[in-house]
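Protein chains: 2
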Amino acid sequence: MNLRIPGPTPVPPEVAQAGAADMINHRGPEFAAMMNRTTAGVKHVYQTQHDVMTLSASGTGAMEAAVVNLVEPDEHVLVISIGEFGDRFINLVKTYGGRCTELKFEQGLAADMNKVEATLKAHPDIKTVLVTHNETSTGVTQPILPALAQYVHSIDGLLIVDAISSLSSVPVKTDEWDLDVVLSGSQKGWMTAPGLAFVSMSDRAWAKADRNKTPRFYFDLRRHQQSAATGQTPWTPAVSVWFQLDRALQIMLAEGIENIFARHRRLGRMTRDGVRAMGLTLLASEGVESDTVTAIRLPEGMDGGKLLNVAMENFHTVFAGGQGSLRGKIIRFGHLGYVNDKDIVAGLDALRGSLAKLGYKG
Amino acid sequence: MNLRIPGPTPVPPEVAQAGAADMINHRGPEFAAMMNRTTAGVKHVYQTQHDVMTLSASGTGAMEAAVVNLVEPDEHVLVISIGEFGDRFINLVKTYGGRCTELKFEQGLAADMNKVEATLKAHPDIKTVLVTHNETSTGVTQPILPALAQYVHSIDGLLIVDAISSLSSVPVKTDEWDLDVVLSGSQKGWMTAPGLAFVSMSDRAWAKADRNKTPRFYFDLRRHQQSAATGQTPWTPAVSVWFQLDRALQIMLAEGIENIFARHRRLGRMTRDGVRAMGLTLLASEGVESDTVTAIRLPEGMDGGKLLNVAMENFHTVFAGGQGSLRGKIIRFGHLGYVNDKDIVAGLDALRGSLAKLGYKG
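Protein sequences appear in the order of chains L and Y.
Its first residue numbered -19, the first sequence is counted upward by one per residue in the numbering used here.
Its first residue numbered -19, the second sequence is counted upward by one per residue in the numbering used here.
Keep in mind the hints are simulated off the structure, nothing from the lab.
Any given hint could be a false lead.
The list cannot tell twin chains apart, which means a pair is met if one copy fits it or any two copies do.
What the hints assert, rightly or not - Dumping the calculated DSS-like pairs for lysine-lysine here, alpha-carbon to alpha-carbon at most 30 Å:
| # | residue 1 | residue 2 |
| --- | --- | --- |
| 1 | Lys193 | Lys322 |
| 2 | Lys74 | Lys107 |
| 3 | Lys101 | Lys286 |
| 4 | Lys84 | Lys341 |
| 5 | Lys337 | Lys107 |
| 6 | Lys107 | Lys193 |
Since the structure is predicted, the reported quantities are computational estimates derived from the model, not experimental observations.
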């Protein structure tokens, strides 16, 4: 199967195999050495000196961690949403008792920095902003992070970034851009099975977490930070996934992050060019297309569910469908992590063949 | 290494290898088929017809799920604690805004049912009781579950059982004993890497969860139940660990749960006999010793940390130390999951040899 979804992504054979190593004591010296090694590697990819905690959970667990550690009870926050995962932040904030101003943009667009500034000016009590860097549901990467961080800090605020499906594939310069809290997940560009998620915390973020009274336990980041100082996690970690991460980071550091970013840029462009050559259009507007996932509008009247089945059964290729209101209307083509030119060519061939089988003339 | 800790436990080679299978779409038909298969297998081992949800988290995540779904804001509950993991329930209840009556028993003892009844009679407003079945920190298995469930239901209450380190190794008859909520974790008797945790829910438990307003999202069990109906999880699951669970359940069902229980009874007795033959005593009082982990009191003046190091360096055997106030005073010898007679003999040899190296004459 050519797994062309935006996560979980294919795992290199040697990484998969690393996960089958003999189980170890999660309170022993081997685990501590591995944890120190992976944390250093993850920080390198994050381009940060901040603490980065590794949680045994999915990306949504990391989003919950950000909200329960950093949004105070009844605090008024801004969520900038450009799709499903932005909406998930809104949902989380409301669930845990924050008040939410929702700044939503049409599917396929990135956020407009002028509207963000206007919203923050209209609500001077807002000091916490949550934003999705790469919206997996629409195939859009937001270019505003550096400007947004600068503006948020100019009003003494805190910026929380969901970079789950971008960080490790495209540049996220945590320190240079001055991002307070940045989230990612093992099953995306990290070439590792799902089960681990990452959260970086700036000093500003720690200060806020310490005064925040929102209840938390499993996702209490201070507990994770304190345990990390002794090479442990507060709760039993997903050890076999961690073995995989350890091996995957070796491969990533050997390739070099700039080369990884260049590869994703190239394969993203290749995917978009191939899709456009079929006469199809992208959901993402020009200039903000994601280099990790492409959302493709289906020809009028074509059943997206049927296309996914044809691609799977006839071309051994798995694409993802649309989520929410986009179900049946788009398919999503993942090109992140352990992926090379051949995978993209095969994916494009499968898409072309599936469309033809369903009568599309192009 | 002979990993003789009470979890994570050794993973059979074919189970470890199953985790290295090609990654799949967590929203596709292969995952749905696997999820339906593992849920049926887990329910068989749970001896239940109740819903059992599989969460991507550690056992502590399952404990948090039980508390946030079933303890109402400001509700008065009883936690029966016989050690560290009972205390963790107390911590969780207090964190999430419940009021807690703590009924604690001395380390090594099981709970006294008369005292439990007296406490519940003294606090007629308590309708939720949380209890540890097998206390991993002291090596005690509570024999009171059937009587406790009967009593709790006679007062129209709900019983939540942490069976993380017992269920799948020793009998936990969820339906016959009428247990409302039962927790377990993949890294214990299930012969699988850490990363998945299980929660069963009776109809009473669902009714209570539905009226409970405690905020929850990642661990919201209704969301997990609803997704399970379509062969999915609400958030990306730890797929590679799930592959392992799928294979491990095949092995467990082939052995048969009664045979698994008999093996643990035999190996538990063998461990205790061997330890006593060295002139050492157990922390667990007679009649309530756990068949999954044995807590061994160290000879007066012996440094527990040193013993662990000697066992590891000289005998390639990993024991666990004591937790909290028991640190340095006991070691814990795990005998659950993928374990046979030879592992126990080797573990006992390692313990004997390590004690001798530290000057113990026995």
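> Is it within, between, both, or neither for lysine 84 and lysine 341, if the alpha carbons may be no more than 30 Å apart?
Replying inline: neither (36 Å within a copy, 74 Å between copies)
> Between the shortest in-copy and the shortest cross-copy C-alpha distance, which are at most 30 Å for lysine 101 and lysine 286: within, between, both, or neither?
Replying inline: Intra 47 Å, inter 61 Å, cutoff 30 Å: neither.
> Is the C-alpha distance from lysine 107 to lysine 193 at most 30 Å within one copy, between copies, in both cases, or in neither?
Replying inline: Classified as both: same-chain Cα gap 16 Å, cross-chain 27 Å, threshold 30 Å.
> For the identical chains here, do lysine 193 and lysine 322 meet the 30 Å Cα criterion within one copy, between copies, both, or neither?
Replying inline: neither (51 Å within a copy, 51 Å between copies)
> Given identical chains, is lysine 74 near lysine 107, meaning Cα to Cα at most 30 Å, within a copy, between copies, both, or neither?
Replying inline: both (16 Å within a copy, 29 Å between copies)
>> My question is about lysine 337 and lysine 107: at a cut-off of 30 Å on alpha-carbon distance, are they close within one copy, between copies, both, or neither?
In response: The answer is neither: 53 Å in one copy and 61 Å across copies each exceed 30 Å.
This entry does not satisfy hints 1, 3, 4 and 5, going by the numbered hints stated previously.
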